[in-house]
Amino acid sequence: MDKKGLSPVIASILLCAATLTVGIAAWSFTFTATVNLEKSYSKGVREQIEVISERFTVEHVSYDKVATTLHVWLYNFGKVDIEVDIYVEGDAKGQNATATPIAYGELVRVDVPLTAGEGVLSIIELAIKVMSRRQNFVYATYVVP
Amino acid sequence: MSTILGMLIFIGMLFTCVIPLFLYVNQVNTFYNRKVTEMTQFDQDREKEQIDVYAYPLSQSSNEVNVYIKNRSPLSVKIVRVWINDDKFDRSIEIPAMGEGTIESIIIQLETKPFYIKVMTARGNTFSSYTNPLYYTENGWSGGMGFVIQVVILANPEATRFFKVKVTGPSSFTYETQVVKRPHESSCLAVVTVTLVGWYYVTVNEGLISIPVTPESVYVDFSEPSHWVYANAVK
Chain A
3 MDKKGLSPVI
13 ASILLCAATL
23 TVGIAAWSFT
33 FTATVNLEKS
43 YSKGVREQIE
53 VISERFTVEH
63 VSYDKVATTL
73 HVWLYNFGKV
83 DIEVDIYVEG
93 DAKGQNATAT
103 PIAYGELVRV
113 DVPLTAGEGV
123 LSIIELAIKV
133 MSRRQNFVYA
143 TYVVP
Chain B
99 MSTILGMLIF
109 IGMLFTCVIP
119 LFLYVNQVNT
129 FYNRKVTEMT
139 QFDQDREKEQ
149 IDVYAYPLSQ
159 SSNEVNVYIK
169 NRSPLSVKIV
179 RVWINDDKFD
189 RSIEIPAMGE
199 GTIESIIIQL
209 ETKPFYIKVM
219 TARGNTFSSY
229 TNPLYYTENG
239 WSGGMGFVIQ
249 VVILANPEAT
259 RFFKVKVTGP
269 SSFTYETQVV
279 KRPHESSCLA
289 VVTVTLVGWY
299 YVTVNEGLIS
309 IPVTPESVYV
319 DFSEPSHWVY
329 ANAVK
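Chains as they are written, first to last, in the numbering used here: chain A, 3 to 147; chain B, 99 to 333.
Just so you know, these hints were derived from the structure itself, not from any lab.
From the three backbone atoms N, C-alpha and C, an ideal C-beta is built for every residue, glycine too.
Do not rely on the hints blindly, as some may be mistaken.
Said to hold, decoys possible - Using 27 angstroms as the maximum straight-line C-alpha spacing, the simulated DSSO-like pairs for lysine-lysine come out as follows: (1) A:K67 with B:K264; (2) A:K45 with A:K67; (3) B:K168 with B:K146; (4) B:K133 with A:K81; (5) B:K264 with A:K95; (6) B:K176 with B:K146; (7) A:K131 with B:K168; (8) B:K176 with A:K67; (9) A:K131 with B:K264; (10) A:K67 with B:K133; (11) A:K41 with B:K133; (12) B:K186 with A:K131; (13) A:K81 with B:K176; (14) A:K67 with B:K216; (15) B:K211 with A:K81; (16) A:K131 with B:K262; (17) B:K216 with B:K176.
Unchecked claim - Cβ pair distances, simulated, as ranges: (18) B:Q276 with A:M133: 15 to 25 angstroms; (19) A:T100 with B:R189: 48 to 58 angstroms; (20) B:L294 with A:Q137: 40 to 50 angstroms; (21) A:E127 with B:F120: 47 to 57 angstroms; (22) A:R135 with B:W297: 48 to 58 angstroms; (23) B:G305 with A:M133: 46 to 56 angstroms; (24) A:K95 with B:F120: 48 to 58 angstroms; (25) B:H282 with A:Q137: 26 to 36 angstroms; (26) A:F139 with B:V295: 39 to 49 angstroms; (27) B:N127 with A:T117: 17 to 27 angstroms; (28) A:K95 with B:V295: 20 to 30 angstroms; (29) B:I109 with A:S9: 26 to 36 angstroms; (30) B:P172 with A:T117: 44 to 54 angstroms.
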């Protein structure tokens, strides 16, 4: 009987080659995927740690009546450097959204130019909202002496 | 043969990719939890800080102010700054737990005005001096803890209400403060420290509405340094 086809040896070699090719490709893909996963996970956790390590406070506020500017002293007593924006509401409105950097352990004065609200004769009571770029907030009130 | 190879590759993937990923994530999570614990401890320490601050001039006409600090907390407290009105004075003094210390010789510009003194701690707490405000006049220093007007506002227990207490007195003394009466409270209190002997006038407002006050004016002197004033805001 004249039978044509692959011999079992060649078939085995071909199967092994196919298994190796597919296996190595899958291995390589999984390795790259897990390395990327590790990187993105650690980056996410690091960012989250920076968020929970932020601590800052409005240490002092003064108002320059001539320049109609509010001086806000911010103290970063946390563990990381921060960038903050300040928004003022109340009898006057104003903001300084320039992402003022404050290194940890530092005190920085931020100036906020104010515009008196409609119908307000004199600026008396102000609400100060300080927002870090990592979305932490600190609030303060100020009564102009 | 190919089955064995496939199995080997699978086991290789398990040991070189999946298990290291699992271990790495565990390690990162442990690090995160440690940071959370550290910050929680930091916040608790900050809450525990309790110091009494007393600022006083060295003499009746001195331009030097000392700040005495009594630490009443179980932690040592580091003072990083002293504020006198809008001027800051960087200092670094560590007050041991339940200990005391004095920040000495803060030179100020003498002007006829009130001086408000506060200190800042490294943990981010601010403590005002009990002797605030200190006054400097032509006759020298005055003020301190002597003269007090206590304003009691009586109100219905319902609702949160906001009152503005204003006290005016001699030498253009004006003090304004906002008092909040919270739900289930039937009164609230404003304590106003005044510095000079003389007549003081008290007004209490709720928005634009004036609340009747009894008595409307009090005479503060050394024989009667403390007065009680009552405002009736019961509806």
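A quick look at each hint next to the structure:
1. With a C-alpha separation of about 22 angstroms, the suggested pairing of K67 of chain A with K264 of chain B holds against the 27 angstroms cut-off.
2. With a C-alpha separation of about 46 angstroms, the suggested pairing of K45 of chain A with K67 of chain A is violated against the 27 angstroms cut-off.
3. Between K168 of chain B and K146 of chain B the alpha-carbon distance is near 14 angstroms, which keeps this suggested pair within the 27 angstroms criterion.
4. Using a Cα cut-off of 27 angstroms, the hinted pair K133 of chain B and K81 of chain A holds, with the two alpha carbons roughly 10 angstroms apart.
5. Proposed proximity of K264 of chain B and K95 of chain A is supported: the alpha carbons are some 25 angstroms apart, at most 27 angstroms.
6. Between K176 of chain B and K146 of chain B, the direct Cα distance comes to roughly 13 angstroms. Compliance with the 27 angstroms bound is thereby established for this hinted pair.
7. Restraint check for K131 of chain A and K168 of chain B: not satisfied, since their Cα atoms lie roughly 32 angstroms apart, outside the 27 angstroms limit.
8. Taken as a hint, the K176 of chain B and K67 of chain A pair is broken in the structure, with Cα atoms around 34 angstroms apart against an allowance of 27 angstroms.
9. Taking the CA atoms of K131 of chain A and K264 of chain B, the gap is near 26 angstroms; set against the 27 angstroms cutoff, the hint holds.
10. Our distance criterion of 27 angstroms between C-alpha atoms is broken by K67 of chain A and K133 of chain B, whose separation comes to about 44 angstroms.
11. Taking the CA atoms of K41 of chain A and K133 of chain B, the gap is near 19 angstroms; set against the 27 angstroms cutoff, the hint holds.
12. At most 27 angstroms may separate the alpha-carbon atoms for a hinted pair to count; K186 of chain B and K131 of chain A meet this at roughly 22 angstroms.
13. Restraint check for K81 of chain A and K176 of chain B: the C-alpha separation of about 16 angstroms stays at or below 27 angstroms, so the hint holds.
14. Restraint check for K67 of chain A and K216 of chain B: the C-alpha separation of about 23 angstroms stays at or below 27 angstroms, so the hint holds.
15. A hinted pair counts as satisfied when its Cα atoms are at most 27 angstroms apart, and K211 of chain B with K81 of chain A does not qualify at roughly 39 angstroms.
16. Under the criterion of a C-alpha separation no larger than 27 angstroms, the hint pairing K131 of chain A with K262 of chain B is consistent with the structure, at around 22 angstroms.
17. Taking the CA atoms of K216 of chain B and K176 of chain B, the gap is near 14 angstroms; set against the 27 angstroms cutoff, the hint holds.
18. Distance hint check: the CB atoms of Q276 of chain B and M133 of chain A are about 24 angstroms apart, consistent with the given range 15 to 25 angstroms.
19. Checked against the hint of 48 to 58 angstroms, the C-beta distance between T100 of chain A and R189 of chain B comes to roughly 30 angstroms, which is inconsistent with it.
20. Taking the beta carbon of each, L294 of chain B and Q137 of chain A are about 48 angstroms apart, inside 40 to 50 angstroms as hinted.
21. Checked against the hint of 47 to 57 angstroms, the pair E127 of chain A and F120 of chain B passes, with Cβ atoms roughly 56 angstroms apart.
22. Between R135 of chain A and W297 of chain B the C-beta distance comes to about 52 angstroms, which sits within the given range of 48 to 58 angstroms.
23. About 29 angstroms separates the C-beta atoms of G305 of chain B and M133 of chain A, a value inconsistent with the hinted range of 46 to 56 angstroms.
24. Between K95 of chain A and F120 of chain B the C-beta distance comes to about 52 angstroms, which sits within the given range of 48 to 58 angstroms.
25. As the Cβ distance of H282 of chain B to Q137 of chain A is approximately 34 angstroms, the hint placing it in 26 to 36 angstroms holds.
26. Distance hint check: the CB atoms of F139 of chain A and V295 of chain B are about 45 angstroms apart, consistent with the given range 39 to 49 angstroms.
27. At about 48 angstroms, the beta-carbon gap between N127 of chain B and T117 of chain A misses the expected band of 17 to 27 angstroms.
28. A hinted range of 20 to 30 angstroms for the beta carbons of K95 of chain A and V295 of chain B is inconsistent with their spacing of about 42 angstroms.
29. A hinted range of 26 to 36 angstroms holds for the C-beta pair I109 of chain B and S9 of chain A, which are about 30 angstroms apart.
30. At roughly 47 angstroms, the beta carbons of P172 of chain B and T117 of chain A sit within the given window of 44 to 54 angstroms.
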